[in-house]
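Please take these sequences and the hints and turn them into a complete structure.
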Amino acid sequence: MTDAVGPKTPQGVGARLPRKEDERLMRGLGQYVGDIRLPGMQDVAFIRSPLAHARIRGVDIPEAVRGRVFTAADLDDVRAIRAVSGLPGFKVSEQPPLATGKVRHVGELIAMCVAPTRAEAEDIAASVTLDLEELPAVCDMRAARQPGSTLVHEHWGDNVFLETFIDTGIAAAFDAPIKVTRTISTGRQCMAPIEGRGCVAVLDHRADQLVLHTATQMPHVIRTGLAECLGLEEGRVRIVSPDVGGGFGYKGILLAEEICLGWLALRRRHAVRWLEDRREHLTANANCREHHYEITVYAERDGQLRGVDCDAIVDSGAYSAYPFTACLEAAQVASILPGPYDLPAYRCRTWSVATNKCPILPYRGVARTGVCFALELALDTVASAAGLSPETVRFRNLVRPEQMPFDNITNKHFDSGDYPQALRRALETIDADAVRARQRKGEPDGRRIGLGLAIYCEQSAHGTSVYAGWGIPMVPGREQASARLTPDGGLELRIGLHSHGQGLETTLAQVAHEILGVPVARIRVVLGDTAMTPYSTGTWGSRAMVMAGGAVAAACRELSERATRIGAHLIQARPADARFENGRVLGPSGEVSLATIARTWYRRPQDLPADVDAGGLEATSGYKPVRDSGVFSYAAHAVAVAVDPDLGEVEILDYVVVEDGGVLVNPLIVDGQIYGGLTQGVGTALYEEMLFDAAGQPQASTFADYLLPGAPEAPAARIVHMETASPYTEFGAKGVGEGGAIAPPAAIANAVNDALRPLGAELRHSPITPRRIVEAVLAARSVAAERKAAS
Amino acid sequence: MKPARFVMERPRDLAAALSMIAGADGATKIMAGGQSLGPMLNLRLVEPDRVIDISGVPELRRTDRANGSLVIGACVTHADIEDGRVPDVANGMMARVAAGIAYRAVRNRGTIGGSLAHADPAADWVSALTALGAEVEIASRARNSRRIAIGEFVVGALDVALAADELVTAVCVPVLPSSARWGYVKHCRKVGEFAEAIGAVVIDPERGRGRAVIGAVEAAPVVIEDARILFGGAIGPSFAERFDASAADALLVAAGMSDPIDRHVHVTVLRRAIGQASVQGSAKVLDAA
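As they're listed, the protein sequences go chains A and B.
Numbering follows our numbering, with no gaps: position 499 of the first sequence is 504.
Numbering follows our numbering, with no gaps: position 35 of the second sequence is 27.
Keep in mind the hints are simulated off the structure, nothing from the lab.
Some hints could be false.
As the list claims (entries may be wrong) - Subject to a maximum C-alpha distance of 20 Å in a straight line, what follows is the list of computed SDA-like cross-link-like pairs (lysine to any residue): (1) A/Lys25 to A/Gln36; (2) A/Lys446 to A/Ile199; (3) B/Lys(-6) to A/Ser706; (4) B/Lys(-6) to A/Asp128; (5) B/Lys182 to A/Asp128; (6) B/Lys(-6) to A/Val70; (7) B/Lys182 to A/Ile199; (8) B/Lys(-6) to A/Arg604; (9) A/Lys107 to A/His160.
As structure tokens, then:
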């Protein structure tokens, strides 16, 4: 069952501590890549492909700008980005940092221009003429699978990065009395963190290192990838990730631009900088999502599920992104589509399809947002077909708490939780009865009320065994942390992953405080610099709190043991009689503070015991959970909406999130994560879509065309926490970074469909735009009118 | 996303501004707030040789009453109107429209004349001022100043009847009789976004007259100079009940709007603007859709 874990100490695990980092970030004193000024620094502007698919016949560089423009011919010693999956049948794409031979999407890099200012670099770019032979483009993932389609990579013979198939025996479900089939899809999106990508590269001659300051979630992985592409020893590369203004997955990939800047810096006596502008961001880089499902659900009349059968396609774009690869989404769809339900039969075929669009990149929730959308919409159609409420179908099929830990039909190991309880609380909190009463009563303004539900579970902090199976360039092992006491009793923590909005400078300090008792204000957390921190695969997959939190705890425990031995000597106790508590070593005859112990180690070594641990008061420890298959956080979302059927406007009247992220290190920060994720989920549900025309031209290049939810569109959600400790992790924590963005599209779509069901309209594509609603309502009205005319 | 090189000039008075505009060689753009021109420069959608910033010209920030009209200087900001620093001659309509333009940061800099001269079909002033029967005042160094109705001034999307040496100096808004009612509804995808559809009406049931505008179409707004055709030929006290959607739909078909969903949305928005006008003066709070 759920036990709320209260804070043991005001600053430790469970404390709602305001974020330490906000002191600088909220005063405009953060240092982002765009704030870095180095002597003589010059700016880079890229020349990008204006066409989705074309052969490069030539690049005409005017005499006046020679030496300031570089093409693939100049970068002939640079290796292409290769992000290969070990899954059988995966086809490899080679992505040269600057295009060679042909370009495969609008925005692909063709040349790099360098000048004292960005405006001048753009002037140079405008003076260069491209000679491109346009080729037919394939921009629809379903068309790309057809025989005879234009090929993105000719030598493949088709456009499929990877096809996967699983069938546990779906035929057993075929005699079910209820069978619903739906085509459900999600739009292509752009991630849109406040800060785009950007980097400053410079050669540090003293250290003999290429230093790349870059806005990244994974400095160590970028170091490995960059060194490989540039042919450098890893020791000759240092990655510094300064303050990062949001990542969401977009900063969890190696960019061709980073390689280009690194190459350029190696040949220049000054720093070079590239700051992505919003047009580059939208049209050339930050694509994500875009799933297409043909899903059939089999069920009994009482809502008991008999099986799910699905064909899923993901539009992976032109290249496989490093390190997560082009099959990150589709291959996961197959394994996570069953969601939090106990399914008796399941079949799923997936395709990761190459098209002439920018590569698809991981985005908060990764495949889960699409999967949740497909399954939860399909379950509402089952409920409707069976004449049952949506919650009845879900209660009948959710994995029950007494089944935990539970291995589901795709062998996902659910560690703990009470899924039905989350749904119950969501229904109570939103007061489903009252919403439905209002719905029946009708609105004076003609709008229609709808109630929508969605529930998901999310594998977080999954580790070695999972990623080794995928065989991608990066497999997480033990996360490491270094902890060091300073001579005056302060603490320094150094961790190789990064914080880009998660508040890890606060929460990791809380973990250290929990173990060592050092005040949070006296704990410095160093992140994001390969020269200062242990290796880490970085911050992604809702893993940072579980993995780095566990590592910090382990390193601090090691320190407390070493301190206890020194302290015991100082208070003349036997080590066995001394204990560490709240930052002090206590013994039968007295006590001594950590600060005194630290001062002794550093400044009065003459007072140390002869057999003191030579490692002193600096420890690096590694950590992974007892099981590394991931720990499952989950949430139930409930939303009430009012839909204007004539204009298609959707107002969110109330939104409830009941989530269980295990034991929460800082519930205040978790709330922030949920509000942020939820707002992005509202964007997926109602606003955000990157459309392409038939020639592969992206249809939005500014935020006037690519709509993000703003403050007025962010719902004033109510959050209810459940805290079921994971049996496998330090403190029982689970990952919570992504969950907020997973369920909103499904919950909101179900609410809109609930509102419009009496009209006969049903929406199955996100975002649910006003136009799509009006289209569906008018189509349903004309069907009704025809029926009436016929009868 | 940095602009190409251009020369920036800031005239200190109207005469200097008109001289600069008349004497300019090469491509010139006039900046009256920069809320549309700024992004267009950065995106290099326009690459003028010269930008003349008129926002500091004092004559263009004045507001005067003259001959039954309020003459609002071209560089009066949306926020000036929203906040009531400009007298209300339209029974509250101007302040209401101003308050719904984009978001506050844009309203602080964006100007009424700049918006009209830019003539984005989705812009609020183009539709609202047309419904009010407003005129623009245009000046040049060489000729006497002239006034034309906004319906004639805006000839298409981003296209206005303005010669190369001319400048919009003011907007003249006729004082609305107290018996007149207005409705203004815009449909947009989120707060502050460009409109997908606008309905603007000014109706005087006592005189049986009215003007209606269907805006945020692909081109210049559809202006129904005599709105009686929307109400079966006459405007009476219960005009909203007599709204003839098919007449509005037919006007949109005639204007080239072929998509039935677009027409449905535009007609719905017009209907709601008329509904708003019909309840004006009653206790009911008027909230734009």
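Outcome of the hint check:
1. A/Lys25 to A/Gln36: The hint holds at about 15 Å.
2. A/Lys446 to A/Ile199: Distance of about 42 Å is beyond 20 Å: violated.
3. B/Lys(-6) to A/Ser706: Holds, at roughly 15 Å.
4. B/Lys(-6) to A/Asp128: holds, 9 Å
5. B/Lys182 to A/Asp128: Violated: B/Lys182 and A/Asp128 sit about 36 Å apart, past 20 Å.
6. B/Lys(-6) to A/Val70: holds, 19 Å
7. B/Lys182 to A/Ile199: Distance ~19 Å between B/Lys182 and A/Ile199 Cα, so the pair holds.
8. B/Lys(-6) to A/Arg604: Given that 20 Å is the threshold and the Cα spacing comes to 55 Å, the pair is violated.
9. A/Lys107 to A/His160: At roughly 13 Å apart (the allowed maximum being 20 Å), A/His160 and A/Lys107 satisfy the hint.
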